[in-house]
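Each number in this note's numbering corresponds to the 1-based position in the sequence shown with 51 added.
Keep in mind the hints are simulated off the structure, nothing from the lab.
Errors might be hidden in some of the hints.
Quick list of in silico lysine-lysine cross-link-like pairs, DSBU-like style, CA-CA up to 30 Å [claimed, not checked]: (1) Lys285 to Lys415; (2) Lys197 to Lys240; (3) Lys219 to Lys322; (4) Lys493 to Lys297; (5) Lys228 to Lys197; (6) Lys240 to Lys349; (7) Lys348 to Lys455; (8) Lys87 to Lys197; (9) Lys284 to Lys402; (10) Lys272 to Lys87; (11) Lys228 to Lys285; (12) Lys274 to Lys285; (13) Lys297 to Lys340; (14) Lys262 to Lys296; (15) Lys348 to Lys297; (16) Lys296 to Lys80; (17) Lys349 to Lys262; (18) Lys228 to Lys80; (19) Lys240 to Lys415; (20) Lys285 to Lys297; (21) Lys296 to Lys285; (22) Lys348 to Lys322; (23) Lys272 to Lys340; (24) Lys284 to Lys274; (25) Lys274 to Lys88; (26) Lys219 to Lys87; (27) Lys348 to Lys284.
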Amino acid sequence: MSVNPLQDFAMQSVMDIGLQYINGLRIIKASRNEGKKIIGGFMPPMELCFSTDQTKPIWLPRFTEFPFQGLFNAFNKLNKFRVLALSVKIWNLFQGILSKISSSKMSPNLNKFSSAFSGLNQISETANYDRDSCIQMRLCYGAYLKYQHEFDLLMGGFDANNCLYFAKCYERIGRQKPLFFFQKPYGDKNVPHALELVIRELEDFFQLLEKLTNESIDYEKVKEKMRLVNDVKKMAALILNRYFKKGYVPLHWPASVLLHGAFVDYLSDIKFFHEKLRLLIAEIEANIKSGTIRNYKKEDIPRILFVGSPGFDPVLAQAIDNQGGSLLYIDIFPNKLRYELIDLSGDFILKYAYYLLGRTNFTKGIENSIDFWIRQASLLHVDGIVFNDVWGCRFVAPSFRLFKDRVQEELEIPVVGVGFHEMGENVGQISTRIEAFMELVK
């Protein structure tokens, strides 16, 4: 049986999350009409933006217009009556029947959706932004340039603690727009003055939110929101441990990429995201019982783990699909993004400071990431690994040689590095490298 990476969108939860993602600009407009302030950002800890009822976090890659934008009203209405996900299910069934009588395969062109991000990259290039920076950086700066009038504050997360390009970008933006940049030293709470620094950062951020919204922060209400965040983390861990570890692929790469971004801003509504993840788990369980979700490990369908820098050209994943494999896009960075819970007893700022010091505890630099990727590959018993060697990354990309040596020594499975600079570039080379790699996997 062939792998259909788009079948997950027949689940109502995934369809709801997908529409919430691409409706970012509509959400901004509605929030502004309600008098709320928009906070843009790229990395954690964006859940802190839920600390007041008058702020709305938006992940920077959602500041864009997607193809078929004019049809979104129709999509939303169809989805309201649960017709859109059913349409995907019927399409998948039709495609399955067609594949039995013809070698041709019809599928939506995912590259059209990638063009939305390519447009942001082109804006950065037109502005003569550093072309030797990574594509993530260029996308974020392009989103800022095009939609700077749409947000009231830019929140710099922990990305710039490890990346000079992000730090420079935030510095540049901060000259024109209000900016809060979280700073955190390497190491944990045992590093001298680290705890005091993070506590001061949190206090300054909350004071800024109060000034921005003219609303006093009620920390008991903040804890209520963080309980939902903790529940989301538990559900994410459950999906990993109950399904992926056992060989199931409950979410293929398009839905996994979607979810990975959703875990940064919780799609601007933590209650919505919490509800959809609960529905997602119920739908996954039902689909496993019905046989819709299969155990690829038992069926000997190669499962390929994606590591390195986030983001890739869809051609990479499609090449793996075409070779009968499945790309696992689960966790990219070892910052415990999804799983470590927030202690909600006692002083919230103190406990959250401890949480941040634990979550981003880089003590060995890139070796922390390598250790994490090795553990993930071993835990999932994957058949091969693709390392995303993003051009311009001075933190992750240089680690490929060390990572490859350790994989060959410790796991003895194929690993390939694929260069990535921007969408649509060197697609032939990517396909050729993946085809050769998949031959080794098989």
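Status of the hints after comparison with the structure:
Between Lys285 and Lys415 the CA atoms are separated by roughly 27 Å; this keeps the pair inside 30 Å, and the hint holds. With a CA separation close to 39 Å, the supplied pair Lys197 and Lys240 exceeds the 30 Å bound. As the CA atoms of Lys219 and Lys322 are separated by approximately 34 Å, the hinted pair breaks the 30 Å bound. For a cut-off of 30 Å, the pair hint linking Lys493 to Lys297 stands: about 20 Å separates their Cα positions.
Using a Cα cut-off of 30 Å, the hinted pair Lys228 and Lys197 holds, with the two alpha carbons roughly 13 Å apart. A distance of roughly 43 Å separates the Cα atoms of Lys240 and Lys349; the hinted pair therefore is violated under the 30 Å criterion. For the given pair, Lys348 sits about 23 Å from Lys455 by alpha-carbon distance, which is consistent with the 30 Å threshold. A C-alpha spacing of about 20 Å is found between Lys87 and Lys197, which places the hinted pair at or below 30 Å, so the restraint holds.
Straight-line distance between C-alpha atoms of Lys284 and Lys402 comes to about 17 Å, which keeps the hinted pair within the 30 Å bound. For the proposed pair Lys272 and Lys87, the alpha carbon gap of about 17 Å is at most 30 Å, so the pair holds. The straight-line distance between the Cα atoms of Lys228 and Lys285 is roughly 36 Å, outside the 30 Å bound, and the hint therefore fails. Distance check on the hinted pair: Lys274 and Lys285 sit about 16 Å apart at the alpha-carbon level, within 30 Å; holds.
Our distance criterion of 30 Å between C-alpha atoms is met by Lys297 and Lys340, whose separation comes to about 15 Å. For the hint linking Lys262 to Lys296, the alpha-carbon distance of about 46 Å lies beyond 30 Å, and the restraint is violated. For the hint pairing Lys348 with Lys297, the CA-to-CA distance comes to about 8 Å; that is within 30 Å, so the pair holds. Taking the CA atoms of Lys296 and Lys80, the gap is near 41 Å; set against the 30 Å cutoff, the hint is violated.
Distance hint between Lys349 and Lys262 is unfulfilled; the C-alpha atoms sit about 56 Å from each other, more than 30 Å. Under the criterion of a C-alpha separation no larger than 30 Å, the hint pairing Lys228 with Lys80 is consistent with the structure, at around 19 Å. Between Lys240 and Lys415, the direct Cα distance comes to roughly 15 Å. Compliance with the 30 Å bound is thereby established for this hinted pair. Restraint check for Lys285 and Lys297: the C-alpha separation of about 18 Å stays at or below 30 Å, so the hint holds.
Distance restraint check for Lys296 and Lys285: the Cα-Cα separation of roughly 15 Å lies within the 30 Å cut-off, and the hinted pair is therefore satisfied. For the hint linking Lys348 to Lys322, the alpha-carbon distance of about 34 Å lies beyond 30 Å, and the restraint is violated. Between the alpha carbons of Lys272 and Lys340 the distance comes to roughly 39 Å, so the proposed pair goes past 30 Å and is violated. Of the supplied pair hints, the one linking Lys284 and Lys274 holds, its CA atoms being roughly 15 Å apart against a limit of 30 Å.
Between Lys274 and Lys88 the alpha-carbon distance is near 21 Å, which keeps this suggested pair within the 30 Å criterion. Of the pairs offered as hints, the one joining Lys219 and Lys87 holds, with about 28 Å between alpha carbons and a cut-off of 30 Å not exceeded. The hinted pair formed by Lys348 and Lys284 meets the criterion: a straight-line CA distance of about 25 Å does not exceed 30 Å.
Going through the hint list in order, the structure does not satisfy hints 2, 3, 6, 11, 14, 16, 17, 22, 23.
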